[in-house]
Every structure is written in C-alpha cells, then in structure tokens.
Amino acid sequence: MLGVHISDDELEVLITDLHDIYGYDFFDYSRASLRRRFERLYAMDKYLSVAELRYRIRTDTDYLKRVIEEITVNVTEMFRDPSFYKTLREDVLPHLSTHHFIRIWHAGASTGEEVYSMAIMLHEANLLHKSLIYATDINPSVLETARKGIFPLVKMKQYTENYIASGGQKDFSTYYAAKYGHAKFNEEFGKRVIFSTHNLVSDQTFNEFQLIVCRNVLIYFDKVLQDRVFKLFNDSLDTFGFLALGTKETLKFSTVIKEFKLLKSGEKIWRKTI
Amino acid sequence: MAQDNLEREIKLLVIGGSAGSLRVLVGALPHLRQAIKFAIVVVLHRKNTREDLLTEVLAPKTVLLVKEADEKEEILPGVIYLAPADYHLLIETDHTFSLDASEKINFSRPSIDTTIETAAYAYRDTLACLLLSGANTDGVAGMKIAKSQNALIAIQAPESAEMPTMPYGASISMVIDHVLEPGEMAEFINNLS
Chain A
105 MLGVHISDDE LEVLITDLHD IYGYDFFDYS RASLRRRFER LYAMDKYLSV AELRYRIRTD
165 TDYLKRVIEE ITVNVTEMFR DPSFYKTLRE DVLPHLSTHH FIRIWHAGAS TGEEVYSMAI
225 MLHEANLLHK SLIYATDINP SVLETARKGI FPLVKMKQYT ENYIASGGQK DFSTYYAAKY
285 GHAKFNEEFG KRVIFSTHNL VSDQTFNEFQ LIVCRNVLIY FDKVLQDRVF KLFNDSLDTF
345 GFLALGTKET LKFSTVIKEF KLLKSGEKIW RKTI
Chain B
283 MAQDNLEREI KLLVIGGSAG SLRVLVGALP HLRQAIKFAI VVVLHRKNTR EDLLTEVLAP
343 KTVLLVKEAD EKEEILPGVI YLAPADYHLL IETDHTFSLD ASEKINFSRP SIDTTIETAA
403 YAYRDTLACL LLSGANTDGV AGMKIAKSQN ALIAIQAPES AEMPTMPYGA SISMVIDHVL
463 EPGEMAEFIN NLS
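Sequence lines, in order, name chains A and B.
Quick note: to get this note's numbering, add 104 to the position in the first sequence (first position is 1).
Quick note: to get this note's numbering, add 282 to the position in the second sequence (first position is 1).
One should not assume that every hint holds.
[Stated by the list, open to error] Below 27 Å or equal to it, Euclidean Cα-Cα: the simulated DSS-like pairs (lysine-lysine) are:
1) B/K354 with A/K150
2) A/K368 with B/K349
3) B/K354 with A/K327
4) B/K386 with A/K261
5) A/K295 with A/K190
6) B/K386 with A/K327
Hint data in this document are derived by calculation from the structure and do not stem from the laboratory.
Since we're looking at a predicted model, the values are computed, not measured.
With the hints as extra help, turn the sequences into a complete structure.
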C-alpha cells in the first residue's frame with residue numbers, strides 16, 4: 105500500500121505486543137498478508153508513525169477489537185465459488201441425510217454469508233430441522249453481524265446468480281425480506297446456527313462433526329500452523345465425515361492426508377476414511 | 283538495450299497487464315529461451331473462473347513450465363507462475379508465495395499493485411517489472427514502490443498498446459528504464475539475468 109511500509113522488525117514488534125498483552129497469537133501467520141493488513145489499518149486510521157500505532161494498540165484496550173477485525177480478512181460472499189456449493193448439494197448432503205442429527209462446523213465463518221448459504225441448502229434438502237451449524241470465528245464483531253443475518257441488498261443480484269449457478273431452483277428472494285437497502289434472511293435459518301468465537305490457533309476441539317467447512321482461512325497460516333489445524337479438524341470429524349477447504353487450499357501435504365480421500369477431482373472436499 | 287541489464291542480477295520478473303495484454307504475452311512466450319535464470323510471475327486481470335483456462339492458453343506457447351502459483355510455494359527460476367483468479371498473489375521475503383482473498387483493490391483481484399509492491403521489498407534491485415496494455419492504472423503505484431527499491435522498470439510502449447492507460451500511467455509517474463514494442467518483449471526478457 106502506498107504511504108507506509110512496515111518493516112520486518114516493526115511487524116514482529118506489533119505481533120509480539122498482541123501476544124504478550126492480549127494473548128492473541130499471530131506468530132504463525134503468513135507475514136506478507138499480515139503486513140498489508142497492518143499497513144491498511146495504519147492508512148485507514150491515519151497514523152503518522154508505526155510507533156504511534158503501536159502505542160495505541162498497547163494502551164487502548166477498546167481499540168483491540170478493531171485491530172483484530174482489520175488485520176484478519178473477513179471478505180466473503182453467499183454461495184462463493186458456486187461449483188463448490190453444487191458439489192456440497194449433490195455429493196455431500198445425500199450422505200449427511202442418513203444421520204439422525206447433523207452437526208456442521210463452519211470455522212472462519214466471518215460475517216456469515218456462507219453459513220446462511222449452507223442453511224438454505226440444508227433447508228432445500230429438507231435437512232435443516234435436524235441440523236445444527238456451529239459458526240465460529242476469531243472476531244466477536246463479525247459474528248455479531250452474522251447473527252443478525254442482514255446483508256446489503258446491492259449484493260443480492262450477485263448472490264442470486266451464485267445461488268442459481270450452485271443448482272438452486274427456488275426464487276432466492278423468498279429467503280429474505282428487503283428493507284432500507286438491506287436483506288434480512290428468514291429467521292428459520294439463523295435458528296439452526298450457534299455463533300461462537302473460536303481461535304483455530306489456540307482453542308481445542310469442542311465436538312464431533314459430519315462436515316467441517318473452513319475456506320480461505322488456512323491461506324493466512326504458515327505450514328506448521330496449517331498442519332496443526334488439520335489435526336484439529338481430523339480430531340473433530342466423525343468417521344466418514346467431510347472436510348471442505350478453499351479453492352487454493354489443500355490437505356495434500358498434511359500429515360493426516362492418509363486418513364482422507366478426495367471426494368471429487370477438482371473440488372477441495374475430502375472424506376475421512378478412518 | 284541490454285546494457286544496464288547486464289550489470290545487475292535479476293531474480294524475478296513480474297509482468298502485469300489487463301485489457302489487450304494477453305495477445306502481447308502470447309506473442310512473446312514462444313521466443314523465450316529455456317535457460318532463463320529468474321522466475322516470472324504473471325498477474326493478469328481476468329474474469330473469476332474456477333477453470334484454469336489461462337494456464338491452458340499460455341502453457342503450449344513456451345518451453346518454460348507454466349503453472350498457477352500455489353500458496354507457500356517456493357519461487358524457482360525458469361518457471362512462469364500465474365496469479366490465480368480471485369486471489370491477491372503476495373511475495374514473501376523468503377521468496378515464497380502467499381495468497382490473500384481480501385478486498386479487491388481498484389476493482390481488481392488479483393491486484394498487480396499488490397504483487398509488485400510485495401515483490402519490491404522481497405527482491406529490491408533484483409526485481410524487474412513489466413507493465414503491459416490495460417485500461418486502468420493498477421500496477422502503477424506498485425511500480426513506484428519497486429522504483430524506490432531500485433528495481434528495473436519496463437513498460438509496453440503506450441502507443442503500441444490496445445489500451446494505453448496502464449503503461450502511460452507508469453510513464454508519467456516515474457523514469458522508465460525500458461519502453462518496449464510488443465516485438466521487443468521476448469528479447470528484453472531473454473537478456474535479463
């Protein structure tokens with residue numbers, strides 16, 4: 105970003121402060137992305153020096169929430185990568201339907217767009233009533249947005265196109281009420297979701313799931329942390345459970361890969377075989 | 283042309299382009315020699331498609347390996363890496379790639395600025411940048427940072443570009459080391475090293 109370049113040393117100092125003062129562990133995050141996020145925060149909040157940014161972070165506890173929200177990436181959309189959702193719809197949900205009760209973990213749920221996408225698909229497969237989605241994120245503030253199920257109305261054109269491309273056949277607009285430039289999704293969807301903070305770096309497994317969705321989160325982690333998270337997912341999956349990752353993420357090089365089988369070539373969905 | 287190129291060692295060439303750039307690239311690729319000693323990263327604006335079409339279009343045109351950049355992948359000489367659709371491609375200081383799915387920058391993801399800027403700090407004066415045809419100015423800000431880190435700066439001659447905005451934007455923002463006609467691209471690249 106034009107304006108400031110945060111040096112390697114300055115970046116390490118900021119990361120160390122977040123850990124030592126607040127317990128947030130960003131040591132195993134990819135540096136180039138983290139640096140850009142801090143530079144973006146620096147520009148948005150109009151700092152004049154890195155020292156000033158550091159002082160604010162160290163001394164202003166209320167500001168921490170904003171720091172965590174801005175240095176992590178929360179960009180998402182409904183039915184993002186429609187072919188992924190088409191595969192979930194056609195090749196994963198039929199397997200899940202055999203369970204009496206379906207538990208799904210959406211890790212890195214951000215503002216919830218993909219969680220509501222999942223709930224809509226479960227509804228259409230007549231599975232929502234016996235499903236529970238655990239939507240977690242490191243950021244409490246994005247989960248607040250997710251809990252409301254209210255998204256900008258201007259996005260609905262794109263989301264409707266994604267929905268149709270994912271194999272959706274209903275009138276998408278029946279799933280939300282449009283008001284004052286916002287689309288509020290029907291409450292039946294949110295009722296089947298538990299929103300909760302969870303830090304993949306430091307928190308443990310908390311249940312067993314038939315499906316774990318974690319897309320475009322692991323790209324920000326280094327390989328060591330990625331592998332630790334894959335183990336956490338492995339420990340949190342039922343036998344024959346599914347793990348879904350982002351378009352450019354892979355389980356291929358992880359130590360748990362031998363316990364999984366790729367569901368379908370070209371899609372980043374693996375099935376646990378042990 | 284190759285005079286000052288010989289004096290410096292180039293380890294990475296970043297090529298950025300938008301509308302009108304693909305045909306320039308396709309024209310140059312068949313003439314690249316196999317023994318180039320640096321990596322090439324190509325960042326083109328394109329539609330968000332899952333299919334790896336760009337790799338299929340470019341790979342048959344060159345003897346060099348063409349592949350989409352993977353996250354955490356080590357950047358190796360003699361390979362042409364393509365920025366994947368819908369991700370920003372970042373260069374780490376340890377010369378590996380990172381991917382980033384954050385906000386579009388100037389309506390673009392991948393953003394040419396982002397790749398060049400991160401490459402500038404990771405490679406400094408061993409970086410060369412080449413900005414091709416395009417109807418916006420993505421890449422210009424990144425090139426200014428690359429310039430500040432003593433990278434080699436080249437553009438397609440604006441009057442030769444289908445869409446001159448991008449190379450023209452660079453030309454009025456900094457001193458350009460090389461202004462190239464489409465027919466000169468391959469020779470320029472072959473003479474780097």
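| Hinted pair A/K368 and B/K349, Cα distance within 27 Å | holds, 21 Å
| Hint consistency between A/K295 and A/K190 [alpha-carbon to alpha-carbon, up to 27 Å] | The given pair, whose Cα atoms are some 24 Å apart, holds under the 27 Å limit.
| query | Are the Cα positions of B/K354 and A/K327 separated by 27 Å at most? | reply | Measuring from Cα to Cα gives roughly 8 Å; hence the hint holds.
| query | Are B/K386 and A/K261 close enough, with their CA atoms no more than 27 Å apart? | reply | holds, 18 Å
| Going straight from one Cα to the other, do B/K354 and A/K150 come out at no more than 27 Å? | Violated. B/K354 to A/K150 sits at ~32 Å, over the 27 Å cutoff.
| Given hint A/K327 paired with B/K386 - CA-CA distance at most 27 Å | The given pair, whose Cα atoms are some 25 Å apart, holds under the 27 Å limit.
Of the numbered hints stated above, the single one contradicted by the structure is hint 1.
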